[in-house]
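Engineer: Here the protein sequences come in this chain order: S and U.
If you read the first sequence in our numbering, its first letter stands for residue 1, the second for the next number, and so on.
If you read the second sequence in our numbering, its first letter stands for residue 1, the second for the next number, and so on.
Hints are computed from structural coordinates only; laboratory data are not their basis.
Worth double-checking, as some hints may not be accurate.
Said to hold, decoys possible - Chain U side only, calculated, beta carbon under 10 Å to chain S, not exhaustive:
id	residue
1	Leu8
2	Tyr13
3	Arg14
4	Ala20
5	Leu25
6	Gly26
7	Val27
8	Thr30
9	Ala118
10	Leu311
11	Arg314
12	Ser381
13	Pro390
14	Ser395
15	Tyr397
For each residue, glycine too, the CB sits at the ideal point set by N, CA and C.
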Amino acid sequence: MIGKTIGASIRAHLSTDDPAVSDAAWESVPSSDELREQVQHVLDTDINPSVAAHGGVVRLIDVKDNQVFIQMGGGYQGCGQADVTLKFGVENSIRAAVPGVGVILDVTDHASGRNPYFTPSTK
Amino acid sequence: MPRVLLLLPTTTYRTEAFVAAASGLGVDVTVASEQPNALARLNPTALLTLDFNDPQKAAQRVVEFSATHPIDAVVPVDSQVVVVGAAISAALGLRHNSVTSATAAQDKHHMRQQFKLAGVPSPKFTLCSLQEDRAALGHRVDFPCVVKPLSLAASQGVIRADDQGQFIRAVNRLDAILKREHGMPGATETSGNASASSQVGLPTSSEEFLVEQFVDGPEVALEGMLTRGELSVLALFDKPDPLDGPFFEETIYVTPSRLPTETRGQIQIARCAEQAARALGLTEGPVHAELRLAKDGPTVIEVNARSIGGLCSRTLRFGTGMSLEELIIRCALDGEFEPPERQCQATGVMMIPTACAGRFIEVHGLDEARAVSGVEGVTISAHPGQQLVPLPEGSRYLGFIFAQADSPESVETALRESYARLEFKIETPPLSQTTFDRTP
């Protein structure tokens with residue numbers, strides 16, 4: 001029931017010329033440079049000192065608008081638990097410390113990881 | 001907002017799929033593994049560490065945790081955590097399989113005994129000890145037989161023997177595998193080069209094994225969901241490659257099955273799987289059953305209280321696109337949730353076999369393999385530099401090929417063609433150092 005209501009609202013909005021995200025909302029989002037600096041600070045102070053224990057590193061690759069692109073390296077490249085660390089560790093910490101961050105995208109080439117900390121092995 | 005507890009062993013293939021499904025549902029998620037996550041201190045309500053080998057201790061820890069963060073569903077993602085999942089659910093008063101039934105599903109001897117008691121068609125079996133004289137044992141068994149460990153997964157340690165000489169060699173080989181898996185002195189390390197190792201769900205004893213009658217006939221896999229003991233069949237997979245041994249490497253799974261749907265076909269298989277689940281006492285959650293289609297009807301090889309392994313669940317989509325993992329979590333959260341029908345298109349997966357021992361260097365032909373009509377994706381799960389160990393000693397796949405087409409035949413053709421385009425570069429050890437024999 002609620003799905004139909006939401007769907008109808010979205011369709012109604014898309015039929016207008018109004019932007020999907022209001023200008024006021026965008027104005028409240030920090031600039032890419034500000035976001036880059038704050039996210040890098042979280043990585044430097046909270047994330048990387050901890051993940052180093054597993055031979056891992058998390059790098060900030062880029063910030064476009066409010067989208068954050070990160071890359072996992074060392075033991076986290078190709079690690080079977082990388083999604084857990086990303087979703088519940090890295091992403092959670094960044095969002096808590098840096099309001100205004102949008103999508104956080106992992107651009108790691110996990111298939112090329114040479115020394116993953118955990119490797120899947122069983123059913 | 002409801003909270004789901006995902007039990008995710010660090011060696012599971014299922015992490016990405018379950019994390020994505022749980023996150024997409026918008027529920028609160030707590031992930032528990034047997035080793036601490038490096039970032040657990042930053043998000044202690046989402047990242048737990050539990051001793052999966054001590055179900056009661058793990059259950060107590062979760063009960064304490066749930067006093068401040070109530071848990072509405074526990075989802076063990078694969079076979080290693082089925083028993084601990086049942087223990088935690090029992091301690092929390094949640095709907096789930098009993099610990100007894102989960103334990104029975106984890107121990108192949110216990111499973112066989114329950115099947116026999118309930119009259120479920122299954123292979124004849126004998127429980128044997130590694131301490132017994134192997135030549136004398138060989139005189140007591142009927143050939144062809146299958147030597148099988150009580151608890152390992154993915155056909156690891158499962159070897160067919162057609163005569164006494166093969167039988168003795170098979171038992172010697174299983175002995176070495178079990179010693180290694182249990183970390184016993186003198187065992188040779190062969191299972192790979194994970195930087196962090198973990199052993200979850202292994203029995204305390206490595207002295208016993210099963211000798212089973214080899215059941216001739218094609219094999220199928222049934223994916224189902226139990227709700228209050230009622231089985232809903234989610235998918236029935238054909239396994240077009242014959243599994244005649246000496247090792248039992250899984251390769252291609254294709255659904256829907258090409259078997260007839262009338263009484264002696266798919267319906268009979270589903271009834272047999274439900275009977276087997278009932279014999280074990282399983283009542284809730286996913287089941288993955290393997291059956292042989294013998295001349296006199298379906299024979300249950302095993303029933304596991306888990307969903308399909310590896311990355312194979314990617315072949316399944318339900319309703320308007322729901323993943324198997326989302327379906328499992330929804331069923332765990334809501335006892336009234338009715339699984340939607342599987343999307344009707346034919347799909348399949350090929351688990352890329354580890355053909356030889358050695359160090360994985362690289363793979364060529366990926367683009368060509370992905371370009372085959374009907375192929376949806378090719379994922380190489382082995383990592384460069386990884387030490388590869390084929391069956392029966394190993395338990396890892398090189399990767400997975402996924403295909404979708406108008407018919408099961410076209411899916412199978414696409415998978416085979418895609419695989420033929422892959423070339424794996426593996427640095428094999430000098431012959432004198434080779435310890436992995438492909439003969440029985």
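Engineer: When the hints from earlier in the document are held up against this structure, which numbers fail?
Structural biologist: 5, 6, 7, 9, 11 and 13
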